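Participant: Since chain F is already given, all that's left is putting chain U on it; use the hints.
Heads up: the protein sequence lines correspond to chains F and U, in order. For the first sequence, my numbering assigns the number 1 to the initial residue and increments by one for each residue that follows. For the second sequence, my numbering assigns the number 1 to the initial residue and increments by one for each residue that follows.
It should be emphasised that the hints constitute simulated quantities derived from the structure, not laboratory data. Fair warning: this is a prediction, and the values are worked out from it, not measured in the lab. It is possible that some hints are incorrect.
Which stretches of chain F does chain U cover? Using the computed rule of at least three CB atoms under 8 Å from a CB of chain U, they are [what the hints assert, rightly or not]:
{"#": "1", "region": "135-144"}
{"#": "2", "region": "246-259"}
{"#": "3", "region": "295-303"}
{"#": "4", "region": "412-418"}
{"#": "5", "region": "451-459"}
DSSO-like, lysine-lysine: derived pairs with alpha carbons at most 27 Å apart [claimed, not checked]:
{"#": "6", "chain 1": "U", "residue 1": "Lys-52", "chain 2": "F", "residue 2": "Lys-283"}
{"#": "7", "chain 1": "U", "residue 1": "Lys-52", "chain 2": "F", "residue 2": "Lys-419"}
{"#": "8", "chain 1": "F", "residue 1": "Lys-110", "chain 2": "F", "residue 2": "Lys-158"}
{"#": "9", "chain 1": "U", "residue 1": "Lys-52", "chain 2": "F", "residue 2": "Lys-162"}
{"#": "10", "chain 1": "F", "residue 1": "Lys-307", "chain 2": "F", "residue 2": "Lys-335"}
{"#": "11", "chain 1": "U", "residue 1": "Lys-52", "chain 2": "F", "residue 2": "Lys-148"}
Where is the CB? At the ideal position from N, CA and C, for every residue including glycine.
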Amino acid sequence: MKKELALFMLVITVMGVVASGCLSGQESTSTSTASGETSTPEKTTNVVIYGYGSEMITLDPSTEFSNSIVVLANVYECLVKYTPNGLEPWLATSWESNENGTVWTFHLRKGVKFHTGNTMTAEDVKWSIERTLRMGLGPAFIWDPIDKMEVVDDYTIKFYLKYPANLPLIASSAYGAYIMDSKYLSTIGDDNAIADWLNQGQDAGTGPYIIVKDKYDPKTEIVLKKFDDYWGGWSGDQFDIAVIKIVPDASLREQMVTSGEIQITRDLPLDDLPKLQENPNVKVDQTASYQELYAFFNTKKEPLNNKLVRQALSYAVPYKDIVDYVLHGYGEVAKGPIPKGMLGYFEDLSTYTYDPDKAKQLLAQAGYPNGGFKLLLTYTQGDEAEAKVAEIIKAEWKKLGVDVEIRPMNWEQQWALAKSDPSNAQDILMMYWWPTYPTPYDFLFNMFHCEPEINFNLCYYCNDEFDKAIDEAVTLEGIDPDKAAQLYRKAEEILMEDAPAIFFYNPDDVYVYHKSITGFKDNPGYPQVVFFYDLHKA
Amino acid sequence: MKFREYIVYRLVLAVFVIIGVVTVVFFVSRVIPSDPAALWVGAHPTPEAIEKAREQLHLNDPVVKQFAYYLWSLLHGDLGISIRTHNPVAADLKSAFTATFELILAAEFIAIVIAIPLGVYSAVKKDSWVDNFGRVLAISGVSLPAFWFGIVLQLIFFKHLGILPLAGRVDTVVMLEHPLHVITGFYLLDSLLTGNIPVFVDALKHLILPALTLAMYPIGLITRQVRSMMIEVLNENYIRTAWAYGLPPKKIYFKYALKNAIAPALITVGLSFAYTLVGAFLVELIFNWPGLGRYAAYAILSMDYPAVLGVTIITATAYVFINLIVDLIQVKLDPRIRL
Numbered sequence: 001m002k003k004e005l006a007l008f009m010l011v012i013t014v015m016g017v018v019a020s021g022c023l024s025g026q027e028s029t030s031t032s033t034a035s036g037e038t039s040t041p042e043k044t045t046n047v048v049i050y051g052y053g054s055e056m057i058t059l060d061p062s063t064e065f066s067n068s069i070v071v072l073a074n075v076y077e078c079l080v081k082y083t084p085n086g087l088e089p090w091l092a093t094s095w096e097s098n099e100n101g102t103v104w105t106f107h108l109r110k111g112v113k114f115h116t117g118n119t120m121t122a123e124d125v126k127w128s129i130e131r132t133l134r135m136g137l138g139p140a141f142i143w144d145p146i147d148k149m150e151v152v153d154d155y156t157i158k159f160y161l162k163y164p165a166n167l168p169l170i171a172s173s174a175y176g177a178y179i180m181d182s183k184y185l186s187t188i189g190d191d192n193a194i195a196d197w198l199n200q201g202q203d204a205g206t207g208p209y210i211i212v213k214d215k216y217d218p219k220t221e222i223v224l225k226k227f228d229d230y231w232g233g234w235s236g237d238q239f240d241i242a243v244i245k246i247v248p249d250a251s252l253r254e255q256m257v258t259s260g261e262i263q264i265t266r267d268l269p270l271d272d273l274p275k276l277q278e279n280p281n282v283k284v285d286q287t288a289s290y291q292e293l294y295a296f297f298n299t300k301k302e303p304l305n306n307k308l309v310r311q312a313l314s315y316a317v318p319y320k321d322i323v324d325y326v327l328h329g330y331g332e333v334a335k336g337p338i339p340k341g342m343l344g345y346f347e348d349l350s351t352y353t354y355d356p357d358k359a360k361q362l363l364a365q366a367g368y369p370n371g372g373f374k375l376l377l378t379y380t381q382g383d384e385a386e387a388k389v390a391e392i393i394k395a396e397w398k399k400l401g402v403d404v405e406i407r408p409m410n411w412e413q414q415w416a417l418a419k420s421d422p423s424n425a426q427d428i429l430m431m432y433w434w435p436t437y438p439t440p441y442d443f444l445f446n447m448f449h450c451e452p453e454i455n456f457n458l459c460y461y462c463n464d465e466f467d468k469a470i471d472e473a474v475t476l477e478g479i480d481p482d483k484a485a486q487l488y489r490k491a492e493e494i495l496m497e498d499a500p501a502i503f504f505y506n507p508d509d510v511y512v513y514h515k516s517i518t519g520f521k522d523n524p525g526y527p528q529v530v531f532f533y534d535l536h537k538a
Numbered sequence: 001m002k003f004r005e006y007i008v009y010r011l012v013l014a015v016f017v018i019i020g021v022v023t024v025v026f027f028v029s030r031v032i033p034s035d036p037a038a039l040w041v042g043a044h045p046t047p048e049a050i051e052k053a054r055e056q057l058h059l060n061d062p063v064v065k066q067f068a069y070y071l072w073s074l075l076h077g078d079l080g081i082s083i084r085t086h087n088p089v090a091a092d093l094k095s096a097f098t099a100t101f102e103l104i105l106a107a108e109f110i111a112i113v114i115a116i117p118l119g120v121y122s123a124v125k126k127d128s129w130v131d132n133f134g135r136v137l138a139i140s141g142v143s144l145p146a147f148w149f150g151i152v153l154q155l156i157f158f159k160h161l162g163i164l165p166l167a168g169r170v171d172t173v174v175m176l177e178h179p180l181h182v183i184t185g186f187y188l189l190d191s192l193l194t195g196n197i198p199v200f201v202d203a204l205k206h207l208i209l210p211a212l213t214l215a216m217y218p219i220g221l222i223t224r225q226v227r228s229m230m231i232e233v234l235n236e237n238y239i240r241t242a243w244a245y246g247l248p249p250k251k252i253y254f255k256y257a258l259k260n261a262i263a264p265a266l267i268t269v270g271l272s273f274a275y276t277l278v279g280a281f282l283v284e285l286i287f288n289w290p291g292l293g294r295y296a297a298y299a300i301l302s303m304d305y306p307a308v309l310g311v312t313i314i315t316a317t318a319y320v321f322i323n324l325i326v327d328l329i330q331v332k333l334d335p336r337i338r339l
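Excised from the complex, chain F in its bound form:
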């Protein structure tokens, strides 16, 4: 009998091993010898671990438009670094433009080495941007203003633009603006071959960390090791190894960071944060993000095609209560469409406040003294915050006699519905927006500029005066930011009057880190990125 039992277990084991072999095809499952040049990290415990909620997607800096910038921003660098206090030199040390902002010259840092050993030159910058444009995927559109590039010498590059644009800001983008080693990558093959090479967990960047190829597992953890020849140099108490560990469960991440199993994490349950703030093992870092929650009114369908109705509903939103109840104070009431800290944000912009009497009055003026209509509101399924906001406004609007049907939908589904015929689409759609790179134009253009074919203008709003203001503002951003800001302000005032959307709140970026590290600085321009180079042992 024991024999049969043993046989059973053996058969199952063999089956598992064989099946795993079949799945892997011909490829050897041995990974530790797979790469020649990326040796295994030497014996050390000098490790910092970032507990992150989502898996990595691709590692191609030209096309990556999702959360893998968490890796890329530590491995590659842009010409310019965005900070909330302004732009800072990164791979470029200085830059200037002609008077109307159509020709930009960037002076590059000397002595910057790629992880491959090659030296970075202006050719690499040209090649990287050209590749991104050629592939035309993901964030490639950020380089749309470029007409041509000219390599003046090894450390100078000139950009000729089709129309004026704030090129240094574009060059600081978290997506699509990383500089790659053209000499090395162009030996690999065509763009797709390069993408495959990169997605195997290899890189050709200049950043302070290198991806350890034989440890690259985008679903479990990504190991980065220190690049000894980094141009910024190293001090003694930085980390030799940085790990991005994928832990989807938020409460698990919370336990791990309090026990010191990981050193830093984010997106923890907001209800737990006050408790964590009292925990001596961890510190809570709270910074304004560049995210905002909106609800778009369907301006093509009755009764929301009536401006007065939209204004009335905008007045009947308890903004402050929402921030307190939904965000537990970790965020602020939005002041219009642009998040706090960005160009085009105005503390004194006159926005909607909670005023139920005024709402009633406006609704009566619009011909609905007792409400009496029904609206369909959709939000992204699984987003607890959106669900709570929806419940609150449903309760508030009921007081006006407006009945709201709340429908949680998968994002792709609700987006598809909104892009279909507006007369059949939902009345209200809730959605977050965050910028590709921190310009107000990214917000205002995508969500409110006239759009012949609906993409993200999900309120179907079209106002020539508004379009003119923002189109002009964006050309001035690089050369006359004050004038640009005033034009943006004008555009925002138009939006406030027309009320095509409700502007709820800007949630904070909340990171929780273990007491064993210091130096963490949140940078809202690079969402979710932890710059490991900044971190030190406490």
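Facilitator: What follows is chain U alone, placed relative to chain F:
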């Protein structure tokens, strides 16, 4: 039917079952309204990027043609590209599958080691405290949800006692200091084969809590099964005869009684194997175990249908084969069963 013919017959049947599963899942996933192209291109895409993706993914083709594409690549061992991770699904599944299988094997091992002796002992000492304990364990194992056990175990062994790790397959730092040469993907086996003792110890520690959590259900099932079969067998005439001959109790219980009681229990073991495969999905999320369950959860939430199909094919295949093996073992064990 001869034994060999029976195996071939069952294998052919299995292929049909799997094709059926693939067909149903493929068409159901296409009926659910969603836009895979939008998922493929990521946040804030331009209409051109979406159109490009649509062509790349053959989404403009009729569904039947898309199905034909899928089957054709499936025949070549290609499970397609995950829309979310942009990786070949087969590559994604490879590591996930071994992680899950290691967990399930450990869970079944724990279940068998605990449940069979407990079942036998409960039957022999009917209504004793051991029997009562076994009954409580069995009922709670079957009825209480796995995630509850998982959290309780984490609280006890990680938070309060601090002797076992919270989650994951192996500690990052241990793995960095003692790199594991992966041969089969089963960490315990690989670390033993390569003599990497620190990783073996660490992987074993990481395995205990999730495996124990996952083992609760089969423990309950097998204990009850063995107990009731043993009670039945112990009342048989030949056992009484054995007693009358004055054979030693150990021999009577384990050699004569258990041999006849175990056949149905083995079926239970096999079936619980299939159950643990599904149970692992939840347990993996609680313990951050990088297996099929975690992968499937991600795939389902983001409507990544090539990945969902991949997981379904793997699970269905495993299910079918486990059942086949259980049946074959049963035939071998019990000659009364006719093919």
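Participant: Now look at each hint and say whether the structure bears it out.
Facilitator: Cross-check of the supplied hints:
Counting residues of the region 135-144 of chain F whose C-beta lies closer than 8 Å to any C-beta of chain U gives 4; at least three are required, and the coverage claim holds. Figure legend: the region 246-259 of chain F, annotated as covered by chain U; annotation consistent (8 residues with Cβ-Cβ distances under 8 Å, at least 3 required). Here's how the region 295-303 of chain F fares: 0 of its residues keep a CB closer than 8 Å to some CB of chain U, so the rule of at least three is not met and the hint is violated. Interface restraint, the region 412-418 of chain F with chain U: holds (4 residues with C-beta to C-beta distance below 8 Å; minimum three).
Look at the region 451-459 of chain F against chain U: 3 of its residues bring a Cβ nearer than 8 Å to a Cβ of that chain, three or more, so the hint holds. Between Lys-52 (chain U) and Lys-283 (chain F) the CA atoms are separated by roughly 45 Å; this puts the pair beyond 27 Å, and the hint is violated. Using a Cα cut-off of 27 Å, the hinted pair Lys-52 (chain U) and Lys-419 (chain F) holds, with the two alpha carbons roughly 18 Å apart. Pair hint Lys-110 (chain F) plus Lys-158 (chain F) holds up; C-alpha atoms about 17 Å apart against a cutoff of 27 Å.
Proposed proximity of Lys-52 (chain U) and Lys-162 (chain F) is supported: the alpha carbons are some 25 Å apart, at most 27 Å. Taken as a hint, the Lys-307 (chain F) and Lys-335 (chain F) pair is honoured in the structure, with Cα atoms around 20 Å apart against an allowance of 27 Å. For a cut-off of 27 Å, the pair hint linking Lys-52 (chain U) to Lys-148 (chain F) stands: about 25 Å separates their Cα positions.
Hint violations for this structure: numbers 3, 6, all remaining hints satisfied.
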